[in-house]
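Chain A is already provided as a structure; the job is to place chain B on it using the hints.
Here the protein sequences line up with chains A and B, keeping their order.
Terminal number for the first sequence in our numbering: 234, no gaps in between.
Terminal number for the second sequence in our numbering: 284, no gaps in between.
Bear in mind the hints are in silico, worked out from the structure with no lab data behind them.
Note that this is a predicted model, so its numbers are computed, not measured.
Don't be surprised by glycine CBs; every beta carbon is placed ideally from N, CA and C.
Each hint should be verified, as a subset may be incorrect.
One side of the interface only, derived from the structure: several residues of chain A facing chain B at Cβ under 7 Å [as the list claims (entries may be wrong)]:
#1 Phe90
#2 Thr94
#3 Gly102
25 Å max Cα-Cα, derived SDA-like pairs, lysine to any residue [said to hold, decoys possible]:
#4 A:Lys71 <-> A:Gly86
#5 A:Lys69 <-> B:Leu87
#6 A:Lys69 <-> B:Gly89
#7 A:Lys71 <-> B:Pro188
#8 A:Lys69 <-> A:Arg130
#9 A:Lys71 <-> B:Leu273
#10 A:Lys69 <-> A:Asp15
#11 A:Lys69 <-> A:Lys115
#12 A:Lys71 <-> B:Leu80
#13 A:Lys115 <-> B:Ser161
#14 A:Lys115 <-> B:Leu80
#15 A:Lys71 <-> B:Val176
#16 A:Lys69 <-> A:Ala52
#17 A:Lys71 <-> B:Leu87
#18 A:Lys71 <-> B:Leu48
#19 A:Lys115 <-> A:Lys71
#20 A:Lys71 <-> B:Arg187
#21 A:Lys69 <-> B:Ser161
#22 A:Lys71 <-> B:Gly100
#23 A:Lys69 <-> B:Gly90
#24 A:Lys69 <-> B:Gly166
#25 A:Lys115 <-> A:Leu133
#26 A:Lys115 <-> A:Arg130
#27 A:Lys71 <-> B:Val76
#28 A:Lys71 <-> B:Val77
#29 A:Lys71 <-> A:Gly58
#30 A:Lys69 <-> A:Leu133
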Amino acid sequence: MSLLRLGALDVLYGDFQALFAVDLELAENESLALVGANGAGKTTLLRTIAGAMTPAHGTIEFAGSDITKAKPHFRVRQGIALVPEGRRLFPSLTAEENILVGAVQAGPDAWQLAKIYEVFPLIARCRNRRAALLSGGEQQAVAIARALASGPRLLLLDEISLGLAPAIVDDLYETLAALRVAGTSMILVEQDLDRALAACPSVACLLEGRVVLAGPSARTNRAEVIDAYFGTTS
Amino acid sequence: MTWLNAAVQGILLGGEYALIACGLSLTFGVMRLVNLAHGDLAVCGAYLALVFSSALGVPAWWTLPLLLPLAFGAGVVLQLSVLGRALRGGDLAPVLVTFGLSVVIENLLLVGAGANTRSLDGGRLAQASVELAGGIVVSWLRVTGLLVALAVLGALQVLLSSTSWGRSVRATSDDVDTARLVGVRVRPVFATVAGVAVATAALAGVFLGMISAFDPLAGGTLLIFAFEAVVIGGLGSLWGTLAGGIALGLTQQLVGEWNSQYAVLAVHLLFLLVLAVRPQGIFR
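Okay, chain B solo, but in the shape it has when bound:
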């Protein structure tokens, strides 16, 4: 029964990984930008939620209506001021710039918040749990986390497939020069995509902060997990990314049930296996 329990926990955790990964997948798909600071931006979201929730004295997820627009705005500003410029500087510039950004963010967090491991207050949601058939107990917080991830990915899918913005995003992703020539304004498309990417990363950061813990240097691990979810699921498919995230969560929890030392290693091995056997991703 503990195995079944681990599997359920793994699926629930996978939703958060998919949520971080979807922003990475979107920025790479549309702008060909590999954002090495993506995980750190998620951690920033968690810290910001920590500041807001202790200042206002409310559970962390209450701060989301305040946090998400801020994160979206931060993504837009980042794209217009730094990333857009880096993209015009050749293939290597974005990698160097986002790597530098990652170092800067991690050190600013170290200075500002200290090196202690923190966790977010999930309020009553974190304590409440529900018992499923067969005696498996899951916390409402994790269930909510998965439902939120599903809702966000679903909404993103609808936006991309059936709005004018979504068509412009997909056209830009296919062929940026031609998109520009037929009248698509590429700068706003890039800026909104960056905004969505940072907002989804911050959202995932807040849920991960409530479910487990984080410190200023947690971004690197999150980035690797997000990359692995994208690669396992196959680039350019949101549902593939979700499946990739769930595959990661399942592997981590199931192997952790056997021996917790090997949990993260197993995730990386799964990733290497997929790269070797099916580099286009399992779900493509």
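The shape of chain A in the complex, shown without the other chains:
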């Protein structure tokens, strides 16, 4: 059964249309790499799924129910969690408080703090420091932990490697791989194409607000993705 199904989504910012008739389907336990150039609509798509924007047309189905018009807090309760671009932690709250805010809509089998600290020893060390004072890697780990604290079935990750040292990014991706094995579905927006394709079994490419390529990563060749990425046809 599909976990998430987007049907012909049109999303507008005022007069500017950011997404055109986007169809996308994600099965339970599946991970999708969402790639595309800057301004292609990747962040808009994730924010629409999380409920920050309402589509002008089209439908969003999650776990069999229509959530097109549902409020963000309802979607969090249903199991959708977003790790926003730029991390967007609450700067005056401590690392631990940030994670607890992420747990306000937590279901019964959501992650407890102890488990989060076990998976992210990095956060355990800085749990009582204010988010504004954390390093970039610590902030990104807290942002992911904040999303996990709600017990998500679908994790939306927007540019988590931006501005971080490669070693820290490797650690984060290892954690994500473990989550995937544990059964969490993901949509991953990532600039590093090789990393994205390696991390996710399937890939979709956006170009100027339209899905121009979708399929399993293994059967998609890198040159094809690059063509779709830049809109150059060979």
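Same frame as chain A, now just chain B:
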């Protein structure tokens, strides 16, 4: 010795200013709402206490258990019906709407209660006094006023720093869009914050009504004092607001001791001085 006495009175009065100011600071910090009717809501609290205390024949502070839940409810209703809508209407709408609300409240009070200056019956608390070392006499009412203000500010601080509600409030204050996205229900947060703001304003209004006097148009002055306490103390810090309120009370009483005509002017000058020299507030 009269100077020392004035200083003590100033500190005691400062607690009430801080109590009015904390609601203003909270609504601005969390919702970015500048509530120009805040002082009038405090005056409404005083009038409501007047009605209850004369109907029931009890001192004004006895009516607080009845008054405070009502004020909290009024704040919630106001937020859900008027202020929330105004906040969605752009930057200018809340200023216009709360200004209009202020005019409406003042005129309703004029029509309903007349223009006379009133004062609340403090009962035995108002007559009893205690003599401190050095012959300074303070009324129990003013001491109680300061203690109540300290207790309310302290309780608010605990609620904000260590409850789930407080975390949601602070997260919303930091970044409302992200708070919404991680699952915080912003409408109830805003409504409860408005409820707390109106309840604390009404509480301060009742104590000020017992300590001094009020009339239907007193809200404007209270609003300015509350703003000044917030700015002097520094936005977003409850203890800073308390210190700001005490700075106002001290200035008012000390200058008043010298020449009562300049008491209020001195308060405004202090405020302008802080704005010019340390616009982020003294205590930040």
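Now for the hints, and whether the structure bears them out:
Of the supplied interface hints, the one on Phe90 (chain A) holds, with its beta-carbon coming within about 4 Å of a beta-carbon of chain B, less than 7 Å. The interface hint given for Thr94 (chain A) is broken, as the beta carbon of that residue sits about 10 Å from the closest beta carbon of chain B, more than 7 Å. Using the Cβ-Cβ criterion of 7 Å, the hint placing Gly102 (chain A) at the interface with chain B is satisfied: the shortest such distance is roughly 5 Å. For the hint linking Lys71 (chain A) to Gly86 (chain A), the alpha-carbon distance of about 22 Å falls within 25 Å, and the restraint holds.
The hinted pair formed by Lys69 (chain A) and Leu87 (chain B) meets the criterion: a straight-line CA distance of about 22 Å does not exceed 25 Å. Taking the CA atoms of Lys69 (chain A) and Gly89 (chain B), the gap is near 21 Å; set against the 25 Å cutoff, the hint holds. Straight-line distance between C-alpha atoms of Lys71 (chain A) and Pro188 (chain B) comes to about 14 Å, which keeps the hinted pair within the 25 Å bound. With a C-alpha separation of about 35 Å, the suggested pair Lys69 (chain A) and Arg130 (chain A) falls outside the 25 Å cut-off, and the hint is violated.
Between Lys71 (chain A) and Leu273 (chain B), the direct Cα distance comes to roughly 46 Å. Violation of the 25 Å bound is thereby established for this hinted pair. Between Lys69 (chain A) and Asp15 (chain A), the direct Cα distance comes to roughly 20 Å. Compliance with the 25 Å bound is thereby established for this hinted pair. For the hint linking Lys69 (chain A) to Lys115 (chain A), the alpha-carbon distance of about 33 Å lies beyond 25 Å, and the restraint is violated. Taking the CA atoms of Lys71 (chain A) and Leu80 (chain B), the gap is near 17 Å; set against the 25 Å cutoff, the hint holds.
As the CA atoms of Lys115 (chain A) and Ser161 (chain B) are separated by approximately 24 Å, the hinted pair is consistent with the 25 Å bound. Of the supplied pair hints, the one linking Lys115 (chain A) and Leu80 (chain B) is violated, its CA atoms being roughly 39 Å apart against a limit of 25 Å. Using a Cα cut-off of 25 Å, the hinted pair Lys71 (chain A) and Val176 (chain B) holds, with the two alpha carbons roughly 14 Å apart. Between Lys69 (chain A) and Ala52 (chain A) the alpha-carbon distance is near 11 Å, which keeps this suggested pair within the 25 Å criterion.
Restraint check for Lys71 (chain A) and Leu87 (chain B): satisfied, since their Cα atoms lie roughly 19 Å apart, inside the 25 Å limit. At most 25 Å may separate the alpha-carbon atoms for a hinted pair to count; Lys71 (chain A) and Leu48 (chain B) exceed this at roughly 38 Å. Proximity of Lys115 (chain A) to Lys71 (chain A) is assessed by CA-CA distance (about 28 Å); at most 25 Å being required, the pair is judged violated. At roughly 12 Å between alpha-carbon atoms, Lys71 (chain A) and Arg187 (chain B) fall within 25 Å of each other, so this suggested pair holds.
Between Lys69 (chain A) and Ser161 (chain B) the CA atoms are separated by roughly 34 Å; this puts the pair beyond 25 Å, and the hint is violated. Straight-line distance between C-alpha atoms of Lys71 (chain A) and Gly100 (chain B) comes to about 32 Å, which puts the hinted pair past the 25 Å bound. For a cut-off of 25 Å, the pair hint linking Lys69 (chain A) to Gly90 (chain B) stands: about 23 Å separates their Cα positions. For a cut-off of 25 Å, the pair hint linking Lys69 (chain A) to Gly166 (chain B) is broken: about 28 Å separates their Cα positions.
Between Lys115 (chain A) and Leu133 (chain A), the direct Cα distance comes to roughly 23 Å. Compliance with the 25 Å bound is thereby established for this hinted pair. With a CA separation close to 21 Å, the supplied pair Lys115 (chain A) and Arg130 (chain A) stays within the 25 Å bound. A threshold of 25 Å between alpha carbons decides the hint, and for Lys71 (chain A) with Val76 (chain B) the separation of about 21 Å falls inside it, so the pair holds. For the proposed pair Lys71 (chain A) and Val77 (chain B), the alpha carbon gap of about 22 Å is at most 25 Å, so the pair holds.
Straight-line distance between C-alpha atoms of Lys71 (chain A) and Gly58 (chain A) comes to about 16 Å, which keeps the hinted pair within the 25 Å bound. Using a Cα cut-off of 25 Å, the hinted pair Lys69 (chain A) and Leu133 (chain A) is violated, with the two alpha carbons roughly 37 Å apart.
The structure shown violates the earlier hints numbered 2, 8, 9, 11, 14, 18, 19, 21, 22, 24, 30.
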